[in-house]
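Novice: Whole structure, please, built from the sequences with the hints as guidance.
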Amino acid sequence: MSAIERLHPSPSEQTKIHRTGVWLFMFSESMFFVAMIKVRFDLAGSFRPAQLDQTLALVATLILLLSAVPNYLVTRGWRREDGGRATVTLVALTLLLGLAFAVLLLYEWTSLPVDAAGHYGSVFLGSLTFDLLHVVIGLLVFLSILVRGLRLRLDPHGSSLGAAGLYWYFVVAMWLVMYGVLYLA
Amino acid sequence: MSDRSDISVARGSRWMAFSRAPLLRAVVWAAAGFLLGAEVTAALVSDTLLSQDAVIAGYALALLGWILGIGGWEAFVVPWFGGEYRVDEGTGRSRYFRFNTDHKVVGIQYLVTALATLLIAGSIAMLMRIELMKPGLNVFSGPGGYNQAVSLHGTLMIFGVAAVGIVGGFGNYVVPIMIGAEDMAYPRLNAVSYWFVPMGVLAFLAAPFLGGWESGWTAYPPLSVTDGTGQVLAVLGVLTLGISSVASGINLLATVYHLRAPGLDWRQLPVFVWSMVVTSVLNVAFVPFVGTALVLVAMDRVAGTHFFTKDGLPLLYQDLFWIFGHPEVYILILPGFGIVLELLPVFARKTLFGYKWVVGGFLAVMLMSMTVWDHHMYTTGISNARLVPFMTTTEMISVPTGFVYLAALGTLWGGRIRLTTPMLFCLGFLFNFLIGGLTGVFLADVALDFQMQDTFFVVAHFHYTIMGGMVFALIAGIYYWFPKMSGRMYHEGLGRLHFWWMFIAYNATFLPMFWAGVEGMNRRVADYLPYLQPINEWVSAAAFVLGASFVLPAVHLTYAWVRGEEASSNPWRSRTLEWTIPSPPPKENFHEPPRIVDFYDYDGAEDLEWPAPSHPAPGVPVAGND
Ligand code: HEM
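Heads up: the sequence lines are chains A and B, in that order.
Per our numbering, the very first residue in the first sequence carries number 1; after that it's consecutive.
Per our numbering, the very first residue in the second sequence carries number 1001; after that it's consecutive.
In short, the hints are calculated from the structure, not lab data.
Ideal Cβ placement from N, Cα and C applies to all residues, glycine included.
Please note: incorrect hints may appear among the correct ones.
Once the Cα atoms are required to be at most 20 Å apart in a straight line, the calculated DMTMM-like pairs of lysine to aspartate or glutamate come out as [claimed, not checked]:
id : chain 1 : residue 1 : chain 2 : residue 2
1  : B       : Lys-1587  : B       : Asp-1088
2  : B       : Lys-1134  : B       : Asp-1527
3  : B       : Lys-1587  : B       : Glu-1182
4  : B       : Lys-1356  : B       : Asp-1603
5  : B       : Lys-1310  : A       : Asp-115
6  : B       : Lys-1356  : B       : Glu-1492
7  : B       : Lys-1356  : B       : Asp-1527
8  : A       : Lys-16    : B       : Asp-1603
9  : A       : Lys-38    : B       : Asp-1311
10 : B       : Lys-1134  : B       : Glu-1519
11 : B       : Lys-1356  : B       : Asp-1088
12 : B       : Lys-1310  : A       : Asp-42
Taking CB as the label site, the calculated pair distances span [said to hold, decoys possible]:
id : chain 1 : residue 1 : chain 2 : residue 2 : range
13 : A       : Leu-62    : B       : Val-1045  : 58 to 64 Å
14 : A       : Val-59    : B       : Gly-1402  : 54 to 60 Å
15 : A       : Phe-41    : B       : Gln-1451  : 31 to 37 Å
16 : B       : Gly-1402  : A       : Phe-41    : 34 to 40 Å
17 : A       : Trp-109   : B       : Thr-1380  : 31 to 37 Å
18 : A       : Thr-89    : B       : Trp-1080  : 17 to 23 Å
19 : A       : Tyr-169   : B       : Ala-1031  : 35 to 41 Å
Specialist: Structural data, given as structure tokens:
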């Protein structure tokens, strides 16, 4: 390879470069959650109202955790020989589980068992808004991947699917943290 | 018959012209987005069209329409679904008005936008100085008029000029070339990061039509929650520019990490590149804090929460804001130091003194900048236990800053100094920043800050660091890289005139402000007691002379860009990589592999003709493109 060609990144380098970008993006996004954790403890201490629907939250959390399984299989390239069909199914599964989580959370958000004007209520509403925003972004990405899969063959080792999978792990991890902070603290 | 076909041709070409003018399309899509969002929200929440909920929803869709319209549609949406990447990036001048992935075009887009914003915000400062000439003048309408002007001026300057000028402008233009790369790591993200900026600036500028906002650039609640609807636009504008800053931070970091030319080690990186790395880390890590703070303010306004009002904690906002805000001021000044330290060796013809101390100083400032925020809150009633620790950290951060400053002096010491325009601005930077930095150490002292907080002493202090520092460095960079960017030379005499005019008027305006502050002149108040009138008259008069000094370079540099004498590829006999390629550089930057050398090894260089004669090097085309 001549030196001047080294100035163009190769496809495998491109994938690495994209991966770096996703990591930096996740680092930056995680700071929103750091800020929200500070808000939670500054404003409401470790207070937790009795009206919180613990069962619903636990079920939602388990569903979200479950969604990491098909996501894992996608990013590992499970059965990718069969023309991308397994990949499409797995992405769809992740999407559905994520959607179920979002619906449960949205239900919690709208029925809001606590007073939004109070300390914990403000924290609750604010945190859920931030979290739902991240979930919805992840779902939109998966949805667009599925639509893309109607026309193109999905390659689990391509940079977009890998990036989406990485981001979804981030969404799951951030909810686990916020679940602990909001429901268990 | 023939009539008919004429009509259809005309219609066709009109349509073509429309689709070829992405800026027009962006405006139309943004307007459509705003109307859609605002109308739907107004209908659903049964509010008026310009209520704050409607403005938020409308703005979100307007931003989307703007980004898609300028080229995001062709650049992101179409290729994602299997279409081809087909963006007409334009040629010649039209490139600057389009979605363009060339880092050099993006750099110039940022630079020109920041300079235009500087002129607008500077004009607002002139109005403020008219108001402050006498107590009781009331040139602004309404009781909040003056504070609205201060808020607009400060917000535009910080978020629209200082945060994006050097990082967006030279970070984009110079960093890839300095490290021997072809472009940034994510050229499309880069193009789109720029186009967020005009939208953010326009949001600020539109705010007065919705009643403006009075809470300053810091937007402290409770005022920012009870303020008029204009505050919502200020919040949205900061968020927009924040997205852009994070994106360009990610881009710069990935670029320097992945795209350094073979053989270019971290230990050899030019200091300007180092300053961009450090700044980008701060952007990526801390902008989300102001994002959170402002989103929560917006929620207090529209969602019925009480984070900061009623039983909430207004000081929590200040915490979040300054956790971002103090790193932010280093986001503003470190790029300035980067430019100055890059230029000093060139114009002192001498090796950069203490390269390792500079890089170490940058990294130490980066780490320590997150430990000092409470010094903005000494007088707010925070617990006494927080005062002394933060005073200590604040005074400690002046130590690494001192390394960097001493490296600058060490480079000058015994150098063969060339007083060109860029060098004059660097020296002006060092003079001004010394005053700004030392008064900062005074303010770090709790006892003194209790006297000085919210007086013009503080106003003078931060203008000395931001305007006397960052803006002077920005201008030094503009003169220095002007021949590279335009392929033409500016007029040295006019450049020097600009420096002396601006430097003297600048100090005449801002030095007396320290005194006014000590004498009891309050910040963010339109009126004052009569005994302060003489000093304010002087400051205002000097400010008008300062304001006028901006006309000279605006005219001069615009003229030189079009008509100036042709510049050689390396008029300053610099050693960094951007000077090894033609001026202006071709799109792909390097035709042959960049040769990595010791970038600061000027000691051995013989005394060559100065500045270098302007004939182009043999075999090198003068004009790359444009
Ligand atoms: C053209 C020369 C300039 C003049 C005459 C000027 C003058 C002023 C004045 C009179 C104030 C308001 C003081 C008060 O009543 O609180 C102010 C505030 C401010 N200025 Fe400037 N300024 C200039 C340039 C700049 C530049 C270049 C920057 C930064 C890049 C800047 C950043 C700020 C900021 C951040 C504030 C604080 C706004 C607030 O209180 O929220 N100014 N300036």
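Novice: Which earlier hints turn out false for this structure, listed by number in ascending order?
Specialist: Of the numbered hints given earlier, those the structure breaks are 6, 7, 8, 11, 13, listed in rising order.
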